[in-house]
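> Sequence:
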Amino acid sequence: MKSKLRDKKARGRDLKSSPRIFSAGSLASAPIITLLTDFGTSDYFVAALKGRILSINPRAGIVDIAHDILPQDIEAAAFTLLSACETFPPGTIHVVVVDPGVGSSRRPLAVEASKMFFVGPDNGVFSYVYERLGRRRIIHLTDDSMFFQPVSSTFHGRDVFAPVAAAISLGVKPDQMGELITDAIRLPSLRPEMLRDESVRARVIHIDRFGNCVTNITDRELTFEMIAAGATLQINGKKITSFRRYFAEGAGREKLFAVWGSAGFLEIAAQNDSAAGILKAKRGDAITAILAAD
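Counting from 745, one number per residue, gives the positions in the sequence shown under the working numbering.
Do not take every clue at face value.
[Claimed, not checked] Capping the alpha-carbon separation at 20 Å, the derived lysine to aspartate or glutamate pairs in DMTMM-like fashion look like this:
hint	residue 1	residue 2
1	K859	E875
2	K999	D1017
3	K917	D888
4	K983	E942
5	K999	E942
6	K983	E965
7	K1026	E856
8	K1026	D952
9	K794	E819
10	K983	D1029
11	K1026	E819
12	K794	D903
13	K982	E998
14	K983	E998
15	K917	D903
16	K794	D808
17	K859	E923
18	K917	D887
19	K859	D817
20	K859	D919
21	K1026	D817
22	K917	E856
23	K1024	D952
24	K982	E923
25	K1024	E998
26	K982	D1017
27	K983	D927
It is worth saying that the hints were derived from the structure and are not from the lab. Keep in mind the model is a prediction, meaning the values are calculated, not measured.
Kindly produce the complete structure, drawing on both the sequences and the hints.
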């Protein structure tokens, strides 16, 4: 037992002092590590994440997804991650630090899904990844020799998630750093509810900076044939009857309209205006897609 503890401590020291410890398993090309946080850019936090990663793997290519997620807004981070992650190549490591539970008993995770890796807190931020990317492995990170010591109780992004991402970029397998779990925290499902009258009960899952209301409706629930037959949307007492292929189509007609967004979800938009402002909408508001009567 003492020998194992000595080996564990030695690995932790080596991880901090020599990024070459994992060189035998390093990737053939520079790995990509993305960062998604609520840190903003006016403080040192983002730079500290990058510095920790580069001190372990100087060859890592770091990409900023976003750092202006509203503070502690887990759902916004989950949507942003889902919308961006699939554009990256296999082997990409996505680090998400929107972590209101930092320092508490919430678990640090590494997730393997769709030939990519995800590192961050177990607070639901990976929920949409679990749901949309298919088969996955979720590892509770328990090997603290992979963390930078001493671990700050208020900055796990720098001392836990960044070192783990860097280790993965150098070939360390996530399941070598912890144990598989099946009870990760989940946000409410992205799937709308199909009602008996074949209408669809959905919700607003995101409001973007333009005021577009992103719903959880996909073309599986509301097909192009249903739209062509006269389907309508209802939200906050308003009826949406116009469906467009792009934002400027049919300019000058109805102020509010629906359009398929680039993330694959139906959005409610307004011509040169904020649909959320007009509708007084917020995330979580109910939307009903009503099919035309036969």
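> Each hint: holds or not?
Evaluation of the provided hints:
1. K859 / E875: Distance of about 15 Å is within 20 Å: holds.
2. K999 / D1017: Holds, because 9 Å separates the two Cα atoms, which is no more than 20 Å.
3. K917 / D888: Distance ~15 Å between K917 and D888 Cα, so the pair holds.
4. K983 / E942: Holds, at roughly 18 Å.
5. K999 / E942: violated (27 Å)
6. K983 / E965: Judged against 20 Å, a Cα distance of about 18 Å means the pair holds.
7. K1026 / E856: Measuring from Cα to Cα gives roughly 32 Å; hence the hint is violated.
8. K1026 / D952: Measuring from Cα to Cα gives roughly 11 Å; hence the hint holds.
9. K794 / E819: violated (24 Å)
10. K983 / D1029: holds (14 Å)
11. K1026 / E819: Distance ~13 Å between K1026 and E819 Cα, so the pair holds.
12. K794 / D903: holds (11 Å)
13. K982 / E998: Measuring from Cα to Cα gives roughly 12 Å; hence the hint holds.
14. K983 / E998: Given that 20 Å is the threshold and the Cα spacing comes to 11 Å, the pair holds.
15. K917 / D903: Satisfied, since the Cα-Cα distance of roughly 19 Å is no more than 20 Å.
16. K794 / D808: holds (10 Å)
17. K859 / E923: Measuring from Cα to Cα gives roughly 19 Å; hence the hint holds.
18. K917 / D887: Between K917 and D887 the Cα gap is close to 12 Å, so the pair holds against 20 Å.
19. K859 / D817: violated (26 Å)
20. K859 / D919: holds (15 Å)
21. K1026 / D817: Holds, at roughly 13 Å.
22. K917 / E856: holds (10 Å)
23. K1024 / D952: Given that 20 Å is the threshold and the Cα spacing comes to 14 Å, the pair holds.
24. K982 / E923: Violated. K982 to E923 sits at ~49 Å, over the 20 Å cutoff.
25. K1024 / E998: Holds, because 18 Å separates the two Cα atoms, which is no more than 20 Å.
26. K982 / D1017: Given pair K982, D1017 holds - Cα atoms ~16 Å apart, limit 20 Å.
27. K983 / D927: violated (40 Å)
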